[in-house]
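Just so it is clear: in the sequence shown, position 39 is 339 by this note's numbering, and no numbers are missing.
The hints are simulated quantities; they were obtained by calculation from the structure and are not laboratory data.
Quick reminder that beta carbons are idealized off the backbone N, C-alpha and C, glycines included.
Check before you lean on any hint, since a few could be wrong.
[Stated by the list, open to error] Ranges between beta-carbon positions, derived for each pair:
#1 Glu365 - Gly334: 25 to 35 Å
#2 Val355 - Gly319: 13 to 23 Å
#3 Thr339 - Ala372: 16 to 26 Å
#4 Arg320 - Pro376: 12 to 22 Å
#5 Phe318 - Val355: 27 to 37 Å
#6 Phe318 - Ala357: 31 to 41 Å
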Amino acid sequence: MTVANGTGLLQDAVRQGFGRLKDRVAIVTGSARGIGAATATAFAREGAQVVICDVMAEQGKEFAESLNDHYADGRPAAIFVP
């Protein structure tokens, strides 16, 4: 982190999120890939618990696990619902 010019602080905030959606639940359909996955990732980064819904069951489960690996904070960041 580069504190002198503040750049590192901004990068850390963008990477970790601001927590604006903490204690919220987001249900994202079609979220195993593409725009749905990007939306679910943004919600998880902001602190929401995300419900991943997609007809592609295996990809949906893997994506939920990936979100949990990156964004779980003492509670699941995502679950998959077929």
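Hints, one by one, checked against the model:
For Glu365 and Gly334, the hinted distance range of 25 to 35 Å is not satisfied, since their beta carbons lie about 18 Å from each other. A hinted range of 13 to 23 Å for the beta carbons of Val355 and Gly319 is inconsistent with their spacing of about 31 Å. At about 18 Å, the CB distance of Thr339 to Ala372 agrees with the hint of 16 to 26 Å. For Arg320 and Pro376, the Cβ-Cβ distance of about 19 Å falls inside the hinted range of 12 to 22 Å, so the restraint holds.
A C-beta distance of roughly 32 Å is found between Phe318 and Val355, which places it inside the suggested range of 27 to 37 Å. Against the hinted window of 31 to 41 Å, the Cβ-Cβ separation of Phe318 and Ala357 comes to about 32 Å, which satisfies the hint.
Violated hints, listed in ascending order, are 1 and 2; each of the other numbered hints is respected by the structure.
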